[in-house]
Amino acid sequence: MKVTLNWLREFVPIELSLDRLADRLAMAGLEVEGISEQGAESVTIAQIARIAPHPQSDHLVVCHVTTGGETMPVVCGAPNMKVGDKVALAPEGTTLPGGQQVERTEIRGQVSCGMLCSAAELGLSQDHSGLLILPTEAELGQALFSFLGLRDTILDVAITPNRGDCLSVLGLAREIAALTRVPLHAKKPQVRERGEAITEQARVGIGDPDLCPRYAARVVTGVRVAPSPTWMRWRLEAAGSRALNNLVDITNYVMLERGQPLHAFDLASLAGAEIIVRRARALTTIRTLDGQDRALAPDDLLICDRDRAVAIAGVMGGENSEVREQTTEVLLESAYFVPETVRRTARRLGLRSEASYRFERGIDPQGSVLALNRAAALIRQLAGGQVSHGVIDICPQPLMSTQIAIRAQRVTNLLGVAVEEREIAQCLRTLGMAVKRERRAAWRVTVPSYRADLTQEADLIEEIARLRGYETIPTLLPRSEVQEKNFDQEGSWSRRVRAYLAAQGLAEMLNLSFTAARFNALFPGLVPGGAPVTLMNPLSAEDAEMRRSLLSNLLRALQLSLRQGETGVTIFELGKVFWKGEGPSIIEQKQERLCLAGVLYGSWPATHLGQEGRRLDFAHLKGILEGLSQELHYQIPVRWNRAGEVVFLHPGKAAMLSVNGTILGVAGALHPTHCAELNLGEAPWVFELDFPALIRFAHPVTPYQPLPRFPVVVRDVAIVADEELPVQAIVDAVNALTNPLIVSVRLFDLYRGDPIPMRKKSLAYSIAYRAADRTLTTNEVNTLHAQVVAHLVQTLGVEIRA
Amino acid sequence: MDNELARIRDEALAALDACREDADIEALRVRFLGRKGELTGVLRGIGALPAEQRRVSGETANQIKTLLEERIVALRTRWQEEQRARSLAAERIDISLPGSQWPRGSLHPLLQVLDDTIAIFTAMGFEVARGPDIEDDYHNFAALNIPADHPAREMQDTFFIAPEVVLRTHTSPVQIRVMESRQPPLQIIVPGAVYRCDDDVTHSPMFVQLEGLMVGKDICFAHLKGVLTAFVHTLFGPDTPVRFRPSYFPFTEPSAEVDMGCVICGGSGTECAVCKGSGWLEVLGSGMVHPNVFRAVGYDPEVVSGFAFGMGIDRIAMLRYGIDDIRLFYQNDLRFLRQF
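Sequence lines, in order, name chains A and B.
Residue numbering for the first sequence is 1 to 802, as defined by my numbering.
Residue numbering for the second sequence is 1 to 340, as defined by my numbering.
Hints may be right or wrong, so weigh each one.
[Stated by the list, open to error] Below, a list of computed lysine to aspartate or glutamate pairs in the EDC-like style, where the Cα atoms sit at most 16 Å apart:
1) A:Lys485 / B:Glu127
2) A:Lys761 / A:Asp722
3) B:Lys276 / A:Asp19
Rather than coming from a laboratory, the hints here were simulated on the basis of the structure.
Since the model is a prediction, treat every value here as computed from it, not as a measurement.
Go ahead and model the full structure; you've got the sequences and the hints to work with.
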């Protein structure tokens with residue numbers, strides 16, 4: 001809400017400095033977001049001392065002007081000035097109200113120190129036929145806009161949605177009066193009536209009083225449509241409103257001043273000189289003032305004449321009844337429309353006006369006639385014409401004022417500071433409320449009609465706190481009662497997992513949850529089937545769906561990094577993925593799951609001088625994930641099974657991770673077609689894990705194992721196996737013996753090539769043996785080892801290398 | 001005999017002086033002190049001398065032997081020390097050579113700030129609660145005293161999944177979910193992603209919020225001020241000015257915006273682009289839980305009271321790190337992320 005200081009001063013004396021005023025308003029919930037000056041341009045009153053012809057031009061002259069001191073030459077092409085005239089001089093460096101920059105120039109060889117201005121160039125009127133000639137009493141050297149009374153300060157005040165009452169000069173003045181404890185000058189607008197009775201000229205009926213509880217109208221005849229006076233146009237401009245003609249400007253001016261939106265109909269255009277307020281009932285269209293055809297819904301509230309719709313109630317007038325240049329009779333509308341209906345219609349049509357903005361926030365239902373009188377009086381004053389006798393004021397149901405009970409004890413309890421009874425009553429009265437004491441320390445308060453936001457006790461308590469200032473409330477820490485609280489498992493584990501991955505060299509990312517449909521198709525996530533969750537109103541097609549997998553956005557981030565010349569990218573993200581499953585409604589279908597995903601691409605940077613960076617490979621991927629299960633103190637080993645069916649992974653380089661049959665997620669190399677789709681030169685190694693499943697098997701600690709008291713004996717075995725045999729098969733086969741003397745089996749060498757036959761590989765394992773209660777003898781170990789080797793040969797069909 | 005001993009001593013000492021390397025010393029030791037050495041020979045001959053002279057000469061010979069042995073040890077020790085000093089002087093590395101470091105990862109700055117924030121409130125006795133990102137209209141709006149067709153809905157531009165299903169515009173629906181399932185006293189914080197259709201330097205369509213709620217028998221506005229002041233002081237320093245300014249949120253009454261002294265200009269205000277010259281920065285929205293919210297979850301506002309607050313972690317992180325474009329947090333530029 002933009003308002004000027006002088007306009008406010010018509011309603012309230014302002015003694016505070018601008019800074020203090022802004023601070024006081026802010027500390028009462030009305031933040032001043034900007035302060036600017038109007039009419040601060042350095043246009044100065046000057047007098048023409050001499051006029052000389054321009055040597056190079058027939059239609060230009062050189063005016064020698066003075067502002068009280070030396071004269072200076074200004075080249076000028078206007079026809080209407082003479083020596084001795086007082087004129088408006090814009091010196092070099094001035095920016096005129098229209099935005100024009102004045103510079104020192106040479107016009108056809110003659111120096112011009114600034115510019116003499118027309119009224120139009122000064123934004124005072126449309127007149128650019130000649131220079132603005134000022135009255136003789138204008139003082140030389142005085143700032144022009146101060147002389148014209150147009151110098152003002154514009155405050156831009158942020159109004160919260162509950163304070164519709166402050167969307168006017170009067171409303172803000174009321175607040176300032178209450179905050180600074182000065183009286184408000186709010187004279188009731190009066191208007192002189194003449195001529196016919198309005199009832200002879202127009203009729204009004206409300207068909208749907210549930211949406212329009214009040215409709216008031218006045219008729220003014222014999223008006224002359226013309227531009228508004230400068231002062232009014234300047235005030236409208238200060239408020240951010242565009243001046244049009246006197247009638248429309250007056251309706252806007254009164255709306256800005258009193259908060260009541262008004263509409264002026266061309267009475268001659270209203271069929272039957274009739275107004276009916278009703279729902280559209282059927283699908284229909286109306287062309288609004290801005291020339292757009294608007295499709296209406298049956299529930300939209302309309303202003304109609306005898307035959308057709310002439311305005312969308314509270315939103316915008318119709319073109320068919322607008323005030324035109326030839327208009328001489330107007331019907332002024334001042335109504336109260338129910339906020340919800342205006343909001344619904346304005347929102348559906350995407351049509352927001354200053355009027356709808358105010359109706360949506362609730363205007364003063366008691367202000368209708370006052371605003372009407374103010375507007376009618378202004379029309380009489382500025383557009384001529386006569387105001388018909390009487391007001392049409394249809395108000396089917398009496399307007400009830402809100403009453404609220406308030407208790408002193410409640411004020412104290414809620415604020416945490418004892419407020420005296422006298423102060424409570426005084427605060428509320430200052431804000432225009434009628435306060436009646438009901439019993440000790442309890443009152444019944446009647447809320448003024450313009451404060452629709454006050455409906456219950458807590459609202460009044462806020463008013464008291466606001467008026468006293470929040471700084472008067474002490475700052476206390478609540479007395480804490482120790483309670484048993486839920487431990488945040490998810491948060492605790494996620495911090496541990498994130499810290500681990502960062503320590504492994506991965507950078508954590510935080511992507512938006514949106515992605516493009518084609519990425520969801522490429523990366524359908526861990527849960528097969530289902531459908532993506534789509535947005536009804538996405539910002540762009542690239543963000544039209546909720547991600548099903550973290551990988552889509554991580555890989556986009558990879559692309560970004562590669563474009564920036566990164567050669568090694570190791571990244572991860574812990575975040576939610578979304579999809580639609582089965583269910584009767586979307587809210588029951590939608591699924592959300594926290595996932596953990598990562599991408600390894602390119603090489604680690606070289607860690608040692610003279611060494612090459614190491615290419616990231618499957619071993620890095622697996623090592624990081626194996627380390628993760630150790631970090632989480634897994635007591636059960638994670639199974640890595642081949643997973644050829646994961647669509648986004650290379651079928652030969654894909655693993656499904658599981659624990660005891662619960663799937664944790666997948667890991668592997670990105671599928672070549674996906675790499676091609678993403679323009680990736682090589683395949684990144686990726687993983688995506690179901691986070692709740694991952695932490696289901698996590699333990700805060702690993703139980704302590706007693707330290708071994710007897711030595712371990714290690715025997716190696718070299719095996720030649722088919723290429724197809726997973727190296728893990730040997731480990732599994734040894735573990736399958738469940739011999740308590742076998743401590744561990746570890747692969748330490750893998751070799752292919754001469755003398756090993758084609759499609760075979762040589763594997764070397766270390767097997768460690770130990771007994772808990774004695775030192776194993778060589779014989780014992782040899783016998784045991786031979787049994788193990790024989791078992792491997794027998795069960796896996798492998799050969800033993802000599 | 002004495003002359004002979006004096007000669008051996010003089011010759012041996014002279015030879016010792018002439019020693020240049022360890023082999024010289026060894027040769028000298030063999031020549032004088034070895035089994036067939038000159039001094040050893042003299043000592044062997046002493047037994048044949050008369051008793052009185054035997055004692056004197058024996059003593060002299062032994063003194064010479066001890067002297068030589070000591071000198072030899074001293075010389076060797078000196079040489080070893082010199083040798084060590086030479087090699088210490090020679091064995092120098094260039095300590096300006098780069099270290100060999102395992103590639104360092106990083107934690108996202110926003111989530112670091114979130115972790116810190118959670119830790120501060122957890123220390124004050126708040127427990128963490130979480131909820132879904134996709135919410136129904138009731139929990140996101142209606143239960144929070146934002147009915148349909150209420151202008152406050154405009155404060156939050158909403159992403160819709162279906163007409164009654166939205167991406168939560170704030171973490172506040174989790175308040176409702178917790179209050180629906182539990183009885184007071186309650187002291188919770190809710191971290192999480194929230195969504196609004198907005199995209200510019202200060203708005204991201206997704207951002208991270210932290211919400212708080214404390215409900216009990218006699219929780220008042222003074223407590224709200226106490227807890228939030230303590231929070232700002234813990235995160236930004238105990239001297240940070242804090243002020244509470246009336247504001248409007250549909251789900252609280254009274255409502256307060258919390259400002260802290262500008263961390264960029266130190267509150268001096270002039271020409272500061274961050275606080276726009278005001279010296280104050282908005283960091284939190286807060287207020288006493290609206291009675292309609294309590295009614296929606298079946299609490300009696302005559303019996304319990306409470307306060308709620310919410311903050312954009314993005315905003316806190318921007319102030320903490322001096323970041324001026326919120327979108328940096330979500331662009332995932334490694335050059336940015338690795339700084340933290």
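Consistency of the hints with the structure:
no., hint, verdict
1, A:Lys485 / B:Glu127, "holds (6 Å)"
2, A:Lys761 / A:Asp722, "holds (6 Å)"
3, B:Lys276 / A:Asp19, "holds (14 Å)"
In summary, this structure violates none of the numbered hints.
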